[in-house]
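With chain A fixed as given, assemble chains B and C onto it according to the hints.
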Amino acid sequence: MTVFDKPKSLTDAPLHYCPGCTHGIIHRLVAEAIDELGIEGRTIGIAPVGCSVMAYNYFTVDMVQAAHGRAPAVATGVKRADPSKIVFTYQGDGDLASIGTCETVHAAARGENITIIFVNNAIYGMTGGQMAPTSLPGQITQTSPYGRDVATQGYPVKVCEMLSQLDGAGYLERVAVNNVKNIKNAKKAILKAFKNQVEGKGFSLIEVVSTCPTNWGLTPEKALEWLNDNMLPYYPLGVYKDKFAEEAAK
Amino acid sequence: MSGPYGTMAEKVLMKGNEAIAEAAILAGCRHYFGYPITPQTEVAAYMAKRMPKIGGTFLQAESEIAAINMVMGVASTGRRTMTSSSSPGISLKAEGLSYLAGCDLPALVVNVERGGPGLGGIQPSQSDYFQATRGAAHGDFRMIVLAPASVQEMADLTMHGFDLADKYRMTSMILADGTMGQMMEPVSLEAPEVKTYDKSWAVTGTDCKRPHNIVNSLYLVPEDLERTNFERYERYRTIEENEVMYEEFMMEDAEICIAAFGVAARVSKNAIMAARAEGIKVGMIRPITLWPFPKAAFKKAAEHVNTFVSVELSMGQMIEDVRLATECARPVVLCNRAGGMIPSPEEVLQRIKEVNGGMTK
Amino acid sequence: MTTQILIAGFGGQGVLFSGKFLAYKAMMEEREVSWLPSYGPEMRGGTANCSVIVSDAPVGSPIVTKPDVLIAMNLPSLDKYENAVAPGGIIIVDSTLIARKVERTDVAVYYIPATQMASDEGITTLANMIILGKLIRVCDAVSNDNLEAALKKVVSARRADMLDLNKKAIELGFNYAD
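Chains as they are written, first to last, in the working numbering: chain A, 1 to 250; chain B, 1 to 361; chain C, 1 to 178.
Okay, chain A solo, but in the shape it has when bound (with noise of 0.2 angstroms):
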């Protein structure tokens, strides 16, 4: 009896991610959502700069691979150019809160009927290890080596909250995918991202607080460990929008 399968909506490739780096979890809670849903062959994903810019190898959709930031942009474009297509980004920090800050924000804005998968890891992993966005203050990298110091670099950016600001944006959650029970909550709420648009229903964006264990100079395990001493504190995991279901409370 198999209990445990590839979901069908990844490929054969084997993930190029760094030994307990989470994107191999989020891609596969991505796959799953696709299958789930029966959509595997009208998704097209947009893939990011950054550490996840190979997924267009791992997904079995159609890909984009987009230029820095520019995904949500470029899946409005292939939203509008085709809605009954399911179109989903999957985005880092660098990616959607630096350089795509404005893609990001307008997208939402716009209520643009797509799904954003957002990995926060609170670095940049592809160019090894510099500052982002999302990174705490206090936090050292290799362009923060003495530890972010808000007063000259800035406060992190807080996406779900920040946007849960715009009447556009439809459904924000934050969720871990440092443990079952937030694996599993995440699962939950990718698959209603999917889920909403499929429905039509609007712009839902998936912020997935995770790991980078090489560039946080971590084991895997304690990695995971940082993560919820450091990270969830700054960043508290629930719900920051569903105006999909404060509408249909109504």
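Hints may be right or wrong, so weigh each one.
Said to hold, decoys possible - Covered stretches of chain C, as calculated for chain B (at least 3 residues, CB under 8 angstroms):
1. 54 to 66
2. 118 to 124
As the list claims (entries may be wrong) - Estimated spans, in silico, between C-beta atoms of each pair:
3. B:E247 - C:D140: 29 to 39 angstroms
4. A:N230 - B:E226: 42 to 52 angstroms
5. A:P83 - C:D120: 57 to 67 angstroms
6. C:G88 - B:V194: 26 to 36 angstroms
7. A:V3 - B:L220: 34 to 44 angstroms
8. A:V239 - B:P36: 52 to 62 angstroms
9. A:G128 - B:Y219: 45 to 55 angstroms
10. A:P83 - C:G122: 49 to 59 angstroms
11. B:P36 - A:G154: 24 to 34 angstroms
12. A:P83 - C:P58: 39 to 49 angstroms
13. C:D79 - B:A296: 18 to 28 angstroms
14. A:K222 - B:Y219: 29 to 39 angstroms
15. B:Y233 - C:E30: 42 to 52 angstroms
Hints listed in this document are in silico derivations from the structure and should not be mistaken for laboratory results. Here the structure is a predicted model, which is why all the values come from computation and not from measurement. Even glycine gets a Cβ: it sits at the ideal position worked out from N, Cα and C.
Then chains B and C, alone, in the frame of chain A:
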């Protein structure tokens, strides 16, 4: 075909910017993304009015950068799409132009140029010639660059540009200037016959019936990236062989040859007529495709022309292509205004007379 | 034959509109034509002008630098363009708004109190078309026939009432004897 201006085959007065917009719609473009900037805003305004009525998309993007990336999204699905802007806005689109090239995506981009650099001014200019024909953005790539010199050509080259973009899977750019965008002339518009192109590469959803398509410009193995570059340039060579367009004006016996495109060619025609009236044998080669540049026409002209005069609304950019095309066999001199100024026919005539008198600088 | 016309005035005086009408009129008479506006911030209350070229041959440069006909609808326009007018050309002045006389002696000058006439007739927004009527009278770039067909091209279908008023304005200018 009936549009807001009546039956389209009948002549109507239209602004160049509007002619581009209507021609794009007639060519099957249903997805336009833009951002306001003078002097091209009429394109966006026209699309905003028309697109919702024909089931198309008009979207005022949050930035020029977003607009070109939305174009990339639509282009990835294999549909005809465009954006338009003016010089500073095109600089912002640079990144997207490079990605469109790297992904081999067809798209139409319109630049109704204004004077620069920086914020510059809003008056007509041709100072983005280098940008359009050489260095639009990072990486080895070309764009097909079309330079209309009338409102009719604004429309015709827009339609042609979409065809070339689809045929060669690349960006066609309409390189116009503020005059071309703002002026009205009679124009006759008819829906072109849209050919079908193989778009099996497009992201349309696999329908679970084929392997996934990936629209991508990333090649981490340099041998692979090199191969894509060589293949792309092979295609560019085909374009250089087959798609050159230019107009020759009074060149049969010309001893002086003006090189000019867009509004500069219009001004030059007046000057040529005046010079001819004084017995000066002057003609003009007007490149319609700036890339591919009509090299052969210039090279041939160098056989009987004494001096070339490049008339430009810039500090002298196309002049380099004239020199390259003629292999410096004859002197090539500049007659130019810049920063939003347009040379007058009198100024061009004056230059012709200087050259006729033997000046070669 | 080529006639280069420059219509200049304040933004809001209908300079671009009357130029557009003229361009349509010429086009419908099977002439070659181009219309080029000044554009940019000056459109909003500053000076505005438009170049209209009517010709038997394809129009070369669409920019009018030496107008054969200048319509000056305000003083700054007359100051700016008076000396540019080609010798033997025509200057038409809205004498309600421009107190001074034209200094050039090598051009034909027509003074018409278009703004006052428009006001008297209760068509205050149509001084531009009154002055255009004068142009049609004194310059052979376009004819006086079939005004309505050309007007229909430029007057919004929603403002059909404006058709007759525009026509009336042109006729007022056409018949004005100074």
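Evaluated hints:
1. 54 to 66: holds (count 6)
2. 118 to 124: n = 0 at 8 angstroms, threshold three: violated.
3. B:E247 - C:D140: 29 to 39 angstroms: holds (31 angstroms)
4. A:N230 - B:E226: 42 to 52 angstroms: holds (44 angstroms)
5. A:P83 - C:D120: 57 to 67 angstroms: Holds: the Cβ-Cβ distance is about 58 angstroms, inside 57 to 67 angstroms.
6. C:G88 - B:V194: 26 to 36 angstroms: Hint violated: Cβ distance 52 angstroms, outside 26 to 36 angstroms.
7. A:V3 - B:L220: 34 to 44 angstroms: Cβ of A:V3 to Cβ of B:L220: about 36 angstroms, so the range 34 to 44 angstroms holds.
8. A:V239 - B:P36: 52 to 62 angstroms: Between A:V239 and B:P36, where Cβ atoms are some 37 angstroms apart, the hint is violated.
9. A:G128 - B:Y219: 45 to 55 angstroms: At 21 angstroms between Cβs, range violated.
10. A:P83 - C:G122: 49 to 59 angstroms: For C:G122 against A:P83, whose Cβ atoms are near 53 angstroms apart, the range 49 to 59 angstroms holds.
11. B:P36 - A:G154: 24 to 34 angstroms: Since B:P36 and A:G154 have Cβ atoms about 31 angstroms apart, the given range 24 to 34 angstroms holds.
12. A:P83 - C:P58: 39 to 49 angstroms: holds (46 angstroms)
13. C:D79 - B:A296: 18 to 28 angstroms: At 51 angstroms between Cβs, range violated.
14. A:K222 - B:Y219: 29 to 39 angstroms: holds (35 angstroms)
15. B:Y233 - C:E30: 42 to 52 angstroms: holds (48 angstroms)
Checked against the numbered hints given earlier, the structure breaks hints 2, 6, 8, 9 and 13 and satisfies all the rest.
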